[in-house]
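Hey, can you work out the whole structure from these sequences and the hints?
Residue numbers (UniProt numbering), protein chains in the order written: chain A, 1 to 313; chain B, 1 to 313.
Because the hints were derived from the structure by calculation, they are not lab data. From a predicted model like this one, the values you see are computed outputs, not experimental measurements. Hints are supplied without guarantee of correctness; some may be wrong.
Because identical chains cannot be distinguished in the list, a pair is counted as satisfied if it fits within a single copy or across any two copies.
Claimed, not checked - Straight-line distance between alpha carbons at most 27 angstroms, and here's what the computed DSS-like set of lysine-lysine pairs gives: (1) 290 <-> 97; (2) 97 <-> 288; (3) 240 <-> 214; (4) 97 <-> 130; (5) 214 <-> 266; (6) 106 <-> 36; (7) 36 <-> 97; (8) 193 <-> 36.
2 protein chains.
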Amino acid sequence: MTQTLALGIDIGGTNTSFGIVNRRGEIVAKGGMRTKDYPVLSTFLQALKKEISPLLEQVGHENIAGCGVGAPNGNFYTGEIAFAPNLPWEGVIPLAKLIGDTFQMKVTLTNDANAAALGEMMYGAAKGMKDFILVTLGTGVGSGFVSNGQMIYGADGFAGELGHVISVRDGRLCGCGRHGCLEQYTSASGIIKTAELWLEERDDETVLRPLKGKVGGRDIHHAAENGDAFALEIFNYTAKILGQTLADAVAITSPEAIIFFGGLAKSGDLLLAPAHLYMEMNLLRVYKNKVQFIQSALPDSDAAILGASALVW
Amino acid sequence: MTQTLALGIDIGGTNTSFGIVNRRGEIVAKGGMRTKDYPVLSTFLQALKKEISPLLEQVGHENIAGCGVGAPNGNFYTGEIAFAPNLPWEGVIPLAKLIGDTFQMKVTLTNDANAAALGEMMYGAAKGMKDFILVTLGTGVGSGFVSNGQMIYGADGFAGELGHVISVRDGRLCGCGRHGCLEQYTSASGIIKTAELWLEERDDETVLRPLKGKVGGRDIHHAAENGDAFALEIFNYTAKILGQTLADAVAITSPEAIIFFGGLAKSGDLLLAPAHLYMEMNLLRVYKNKVQFIQSALPDSDAAILGASALVW
Numbered sequence: 001m002t003q004t005l006a007l008g009i010d011i012g013g014t015n016t017s018f019g020i021v022n023r024r025g026e027i028v029a030k031g032g033m034r035t036k037d038y039p040v041l042s043t044f045l046q047a048l049k050k051e052i053s054p055l056l057e058q059v060g061h062e063n064i065a066g067c068g069v070g071a072p073n074g075n076f077y078t079g080e081i082a083f084a085p086n087l088p089w090e091g092v093i094p095l096a097k098l099i100g101d102t103f104q105m106k107v108t109l110t111n112d113a114n115a116a117a118l119g120e121m122m123y124g125a126a127k128g129m130k131d132f133i134l135v136t137l138g139t140g141v142g143s144g145f146v147s148n149g150q151m152i153y154g155a156d157g158f159a160g161e162l163g164h165v166i167s168v169r170d171g172r173l174c175g176c177g178r179h180g181c182l183e184q185y186t187s188a189s190g191i192i193k194t195a196e197l198w199l200e201e202r203d204d205e206t207v208l209r210p211l212k213g214k215v216g217g218r219d220i221h222h223a224a225e226n227g228d229a230f231a232l233e234i235f236n237y238t239a240k241i242l243g244q245t246l247a248d249a250v251a252i253t254s255p256e257a258i259i260f261f262g263g264l265a266k267s268g269d270l271l272l273a274p275a276h277l278y279m280e281m282n283l284l285r286v287y288k289n290k291v292q293f294i295q296s297a298l299p300d301s302d303a304a305i306l307g308a309s310a311l312v313w
Numbered sequence: 001m002t003q004t005l006a007l008g009i010d011i012g013g014t015n016t017s018f019g020i021v022n023r024r025g026e027i028v029a030k031g032g033m034r035t036k037d038y039p040v041l042s043t044f045l046q047a048l049k050k051e052i053s054p055l056l057e058q059v060g061h062e063n064i065a066g067c068g069v070g071a072p073n074g075n076f077y078t079g080e081i082a083f084a085p086n087l088p089w090e091g092v093i094p095l096a097k098l099i100g101d102t103f104q105m106k107v108t109l110t111n112d113a114n115a116a117a118l119g120e121m122m123y124g125a126a127k128g129m130k131d132f133i134l135v136t137l138g139t140g141v142g143s144g145f146v147s148n149g150q151m152i153y154g155a156d157g158f159a160g161e162l163g164h165v166i167s168v169r170d171g172r173l174c175g176c177g178r179h180g181c182l183e184q185y186t187s188a189s190g191i192i193k194t195a196e197l198w199l200e201e202r203d204d205e206t207v208l209r210p211l212k213g214k215v216g217g218r219d220i221h222h223a224a225e226n227g228d229a230f231a232l233e234i235f236n237y238t239a240k241i242l243g244q245t246l247a248d249a250v251a252i253t254s255p256e257a258i259i260f261f262g263g264l265a266k267s268g269d270l271l272l273a274p275a276h277l278y279m280e281m282n283l284l285r286v287y288k289n290k291v292q293f294i295q296s297a298l299p300d301s302d303a304a305i306l307g308a309s310a311l312v313w
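If you want it as structure tokens, here you go:
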């Protein structure tokens with residue numbers, strides 16, 4: 001008997017999505033729910049069971065090889081999530097065990113960016129690559145580092161926190177309590193913070209000024225696409241910090257490519273093209289003109305499920 | 001027939017040392033010569049042959065499984081050294097092939113810091129570790145990153161250039177042409193540069209002042225040991241930059257330990273103790289109080305030979 005399907009669950013701060021995936025990376029059934037609606041973990045697990053059980057019945061529970069879960073601050077070694085600032089549940093939670101008990105199957109857990117990296121390696125832009133970095137530019141900034149064809153989990157399972165590399169010494173206060181983390185500048189919320197701070201400090205003429213106090217990521221993107229100099233400067237500033245920090249990461253793992261995933265990664269030429277230039281400007285000679293920038297081609301909602309399910313194989 | 005010995009060659013900017021090592025990590029024969037005396041590569045190779053051949057005869061050429069070479073800018077994949085600023089030979093040199101032809105044996109090459117990391121993993125402080133960083137604090141700063149029990153060579157074999165991470169944005173001009181590289185601050189030459197710059201700019205009372213223009217690393221060390229405030233501040237400044245940069249590296253590979261090797265690593269409590277504090281101050285919560293600082297226990301001259309020989313197994 002060969003079990004040919006895997007259950008993948010991606011738990012995000014806002015939404016949780018899940019699907020049943022075959023070995024070719026096709027999602028044969030899927031669904032979703034709002035994480036935020038469940039401030040109590042036990043009711044979240046009950047709701048998850050209610051939503052997923054029909055899918056398992058549909059494909060046959062006996063065909064499922066196991067379950068993979070991607071979650072912020074998820075730890076591959078312990079199966080726990082620990083102090084996840086973007087999730088409603090506090091402290092250290094043995095999530096792999098709890099979900100395993102809920103569905104009576106083996107559960108493997110890792111953080112959401114590592115899951116995305118595995119998804120890209122099995123089904124996406126990193127297929128066949130042995131050395132790459134996946135960077136998620138979403139609400140926060142996450143990363144997964146793959147070297148020698150293996151995910152770098154580190155001694156404790158918490159490796160790959162590029163979002164918390166100090167990109168600007170004594171810079172903006174981060175949710176982690178330190179100053180100047182990459183995430184404070186190059187995430188969706190970081191780029192909005194840049195806009196709001198500059199609107200406060202400066203008097204540039206910009207279509208964003210009437211929105212002061214309630215600028216959204218889409219507003220900045222839209223303004224930049226329409227040639228608003230202030231919005232373009234925001235993207236340039238963001239790209240510079242991203243490029244500089246990536247150059248340092250390249251000096252450590254020397255990847256073949258950096259793959260970008262998440263909402264802000266879709267800003268394409270506005271962000272990634274200048275970020276690539278800034279990275280090249282900051283690279284040591286031996287690394288120059290070698291590291292590809294690739295925008296993930298997996299559909300957003302699916303990629304996280306695929307990545308989580310990839311943990312099973 | 002089992003070949004039980006390996007030839008290890010460490011080529012440094014100043015000296016080249018070599019030895020024949022058994023599988024237990026014991027050096028059964030060794031020697032050395034000055035790299036600087038051979039500005040022409042072919043004469044270097046001839047001299048190397050003249051020095052090493054008697055050792056090979058002594059132990060029996062047929063007992064040698066192969067040769068490992070550690071050299072600055074050495075590339076594990078290509079067997080080449082490329083644009084090594086600290087070696088007398090220019091451009092790209094197929095060193096593994098040339099040494100292989102010289103001794104009629106299989107040669108594996110990597111950079112000197114990677115070789116040191118392998119040496120520590122097989123015979124030294126990193127025995128049994130799967131995730132660690134080796135940092136060499138010598139004339140320059142080098143590093144070797146090990147994750148999942150494997151050396152990270154990266155896509156092109158040039159991974160692990162921590163010495164060229166930008167530690168101080170728009171900082172000191174580095175030999176690599178960029179500004180603010182870690183190596184410009186935390187190497188033996190970096191610490192001397194700090195002393196000379198400060199003597200130029202400031203008017204602190206210090207025993208180093210009469211040495212202005214010709215301060216040596218030993219002078220600074222000696223002055224600091226004797227409580228000279230200026231020298232102690234130099235160590236503190238150096239430790240701060242080292243600790244900050246290591247905190248960022250920890251966020252990428254989450255190592256169990258950082259092992260320090262080389263002349264400046266011997267400054268012990270003057271440098272590594274405050275660097276550890278500065279690293280902790282800059283670590284994300286999940287990494288705090290986990291990463292050991294270890295000073296290499298392998299004797300200097302032997303470690304490089306052991307590391308190079310470890311490439312063979």
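Going through the hints against the structure:
Only between protomers do residue 290 and residue 97 lie at most 27 angstroms apart by alpha-carbon distance; the minimum there is 25 angstroms, versus 42 angstroms within a single protomer. With identical chains, the CA atoms of residue 97 and residue 288 are at most 27 angstroms apart between copies only, with a shortest distance of 25 angstroms across copies and 45 angstroms within one. In this assembly of identical chains, residue 240 and residue 214 lie within 27 angstroms of each other by CA distance solely inside one copy; the values are 25 angstroms within and 39 angstroms between copies. For the homomeric pair residue 97 and residue 130, the shortest alpha-carbon distance between copies (26 angstroms) is at most 27 angstroms, but the shortest distance inside one copy (30 angstroms) is not.
In this assembly of identical chains, the alpha carbons of residue 214 and residue 266 lie at most 27 angstroms apart only when taken from the same copy (22 angstroms versus 55 angstroms across copies). In this homomeric assembly, residue 106 and residue 36 come within 27 angstroms of each other (Cα to Cα) only inside a single copy, at 26 angstroms, whereas the closest approach across copies is 60 angstroms. Proximity of residue 36 and residue 97 under a CA criterion of 27 angstroms is satisfied intra-copy only: 21 angstroms inside one chain copy versus 61 angstroms between copies. Within a single copy, residue 193 and residue 36 get their C-alpha atoms as close as 23 angstroms, which meets the 27 angstroms cut-off; across copies the closest is 54 angstroms, which misses it.
Against the hints set out earlier in the document, no violation occurs for any number.
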